[in-house]
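**Q** Based on the hints, put chain B in the right spot on chain A.
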Amino acid sequence: MSEEEKPKSPAEANGPEGAAEASERSAESAVEALSTEAAPASGPAAAPEAAPEAPVRRKETDEEKAARRKAALEAREAAKAAAAQAAAKPAPAAGGDAPAADAPPPPPPSPNQPRLDRAVQLLRERVAEDAVLEASINEPNGHLPTIVVKPERWYACAQLFRTHPELGINYLRNVAGVDHETHMEVVYHLLSMDSGHVYAVKVRTDRERPSVPSVTPIWPTANWNEREIYDLLGIDFPGHPDLRRIMMPDDWVGHPLRKDYAPLDPEV
Amino acid sequence: MIRTEELLLNVGPQHPSTHGVFRIIVKLDGEIITEATPVMGYLHRGTEKLAENLNYTQIIPYTDRMDYVSAMTNNYVLVHAVEKMMGLEVPERAEFLRLIVMELQRVASHLVWWGTYLLDIGALSPFLYAFNDRERILQLFNELCGARLTYNYMRVGGVKWDAPEGWIDKVKDFVRSMYGRLEEYDDLVSGNEIFLSRIKGIGAYDAETAIAYGLSGANLRSTGVKWDLRKNEPYSLYDRFEFDVPVGQNGDCYDRYLVRMAEIRQSLRILEQALEQFPEGGETMGKVPRVIRPPAGEIYVRIESPRGEIGCYIVSKGKAEPYRLKFRRPSFVNLQILPKLLVGESMTNLVTILGGIDIVLGEVDC
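For the protein sequence lines, the chains are A and B, in the order given. 1 is the number of the first residue of the first sequence in our numbering; add one for each residue after it. 1 is the number of the first residue of the second sequence in our numbering; add one for each residue after it.
Bound-form chain A, shown alone (with noise of 0.2 Å):
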């Protein structure tokens, strides 16, 4: 596979053994650069991921978790500040680790950012303080805005999307769901087709009883979607009018996409 997969670069030409070692220091330097770059653009922007996992864990209190919401508020508000001022010291987010003397100044804000922003508010004022637990940008993505929404609430913040006149998503384009070992989580990419904006909206669930409010009410393209990630990771939509196995077998055991998973039969 390796062999096939080798791209005839020029080099090759002028000696198999030289060729392949400067493809080699290439790709490792190619990956560093890759890794160096992607920690400080998630700073500013990813600050409330201080705690990850933190919304699944169901244990902590309403206190601490709006204590912690605000820091990463603050956080985020000083690291716009800080941007602003093309200010070359690296964010307060990122601060604690040490950043070495040759990083790279912080990235401007992206352009995408009032736009995050201003749904977030939306959301805040519209549905619930609580709706929104992680707000970000996703860069890599095209700027693709990235909200993190409470299961709870997500079906009020759908409608929101929905409905608001500032933010019109009348297009769902896709549902995607993943095991992410410690939780599930369904992924919305939300379009809007008046003004081609986008957005991402992840709701977080429980991975022994996962579940996620269905928005096929609000755009019926879920209705299969919905299906088919409850067909293959098991979770459950309540409010979907027919959540029923769409591709496997309506007897099969298991939910084929689930990290765990492991065959009823392993003859099949």
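Keep in mind that the hints were calculated from the coordinates and are not lab data. Some hints could be false.
[Unchecked claim] Think about it this way: if two alpha-carbon atoms lie no more than 25 Å apart in a straight line, the pair counts; the simulated DSS-like pairs of lysine-lysine are:
#1 A:Lys259 x B:Lys27
#2 A:Lys150 x A:Lys259
#3 A:Lys150 x B:Lys317
[What the hints assert, rightly or not] Looking from chain B toward chain A, a few residues come up when the C-beta cut is under 8 Å (computed):
#4 Met40
#5 Met85
#6 Cys145
#7 Gly191
#8 Phe195
#9 Arg198
#10 Trp227
#11 Asn232
#12 Gly297
#13 Tyr300
#14 Arg302
#15 Gly311
#16 Lys326
#17 Gln336
We treat Cβ as the ideally placed atom computed from N, Cα and C, and that holds for glycine.
**A** Structure of chain B alone, referenced to chain A:
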């Protein structure tokens, strides 16, 4: 007084008009459908599960087998997602080759649709015309990558094979002659009275419904929504070429037919320009790490396949294999509107409406 009874009729999964292994259970009142329940999964191979144990290059052949009449666009959506995640540059020559094969593929795919759709409705000879012309495209692909259907042609960072000598000229010849063939097609079918009475006003829906059901491709554009990802969210080199986005008005089977026929012409237009601008020399593979390991994170990319928006959602944990790979398959999403369209229609129109959606079961089931 005639006594009428409700009849439960099973269509498929082995039925030629379902274009594969699709099954639909219809309740009939006389000839009128009162309820339709699609059943699928007969071709479910668990591509997404398999992909979790494969590296990215190994997944490419699996994408060939999803929408097997449009394997090139499937190849592209995967490699494009990985490239975007890793921030890789693709050499211009490779990107041109990709675009050319994708547009050829769109023509080939629409030809399959055209031929089989008319076959569904009862016209046998157009099928032979369509497959004859499609064969010429498959020949071109065969020369390029040694396969007629499952090409495994694209790679992360470029394409596997450079165009052989004289290939570009052959594509030029094909494009030139295809315009004439399309005129023949139109003479043969597009104005035919019987054909028109079979598809005009059948299976109509409005733009709002189409958007709510997440339809894409010709199914969406037939309602008058000017939405083509090649224009609206440009990828590859599509912003360099001039082409129109054909739209319909009524959202019925006839408009879907017209949109697809017009799309073939637009693809030929893109091809003409791309072949003219095709770079003389250059690399076909960019600088790619030996082991493809996208950084931890996630991405959703979408492109316009012949059937609509095909998307690829990757969750990477920095490993050589994806943690989760999900394809948004346009056939699967587009098919969802079918039960709604069928209620109240006569049984004869089932085949017309199903064929008009243009599904490929390999993609519905994945």
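**Q** For every hint, state whether the structure bears it out.
**A** Against the structure, the hints come out as follows:
1. Distance check on the hinted pair: Lys259 of chain A and Lys27 of chain B sit about 39 Å apart at the alpha-carbon level, beyond 25 Å; violated.
2. The straight-line distance between the Cα atoms of Lys150 of chain A and Lys259 of chain A is roughly 23 Å, inside the 25 Å bound, and the hint therefore holds.
3. Distance restraint check for Lys150 of chain A and Lys317 of chain B: the Cα-Cα separation of roughly 24 Å lies within the 25 Å cut-off, and the hinted pair is therefore satisfied.
4. Proximity of Met40 of chain B to chain A holds as hinted, the smallest CB-CB distance being about 7 Å (cut-off 8 Å).
5. Annotation: interface hint on Met85 of chain B holds; nearest CB of chain A at approximately 6 Å, less than 8 Å.
6. A distance limit of 8 Å between C-beta atoms decides the matter here; for Cys145 of chain B the minimum to chain A is near 13 Å, and the interface restraint is violated.
7. A distance limit of 8 Å between C-beta atoms decides the matter here; for Gly191 of chain B the minimum to chain A is near 33 Å, and the interface restraint is violated.
8. Interface hint status for Phe195 of chain B: violated, as the beta-carbon distance to the closest one in chain A is roughly 31 Å, over 8 Å.
9. A hinted interface residue such as Arg198 of chain B counts as satisfied when its beta carbon comes closer than 8 Å to some beta carbon of chain A; here the least separation is about 28 Å, so the hint is violated.
10. Checking Trp227 of chain B against chain A: minimum C-beta separation of about 6 Å stays under 8 Å; hint holds.
11. Below 8 Å, beta-carbon pairs count as interface contacts, and Asn232 of chain B has one with chain A at about 7 Å; its hint therefore holds.
12. Among the interface hints, the one on Gly297 of chain B holds; its C-beta lies about 6 Å from the nearest C-beta in chain A, closer than the 8 Å criterion.
13. A distance limit of 8 Å between C-beta atoms decides the matter here; for Tyr300 of chain B the minimum to chain A is near 5 Å, and the interface restraint holds.
14. Among the interface hints, the one on Arg302 of chain B holds; its C-beta lies about 7 Å from the nearest C-beta in chain A, closer than the 8 Å criterion.
15. The closest approach between the C-beta of Gly311 of chain B and any C-beta of chain A is roughly 5 Å, which is under the 8 Å cut-off, so the hint is satisfied.
16. For Lys326 of chain B, the shortest C-beta to C-beta distance to chain A is roughly 4 Å, which falls under 8 Å, so the interface hint holds.
17. Hint status for Gln336 of chain B: holds, given a least beta-carbon distance of 5 Å to chain A, under 8 Å.
In this structure, the hints that do not hold are numbers 1, 6, 7, 8, 9, in rising order.
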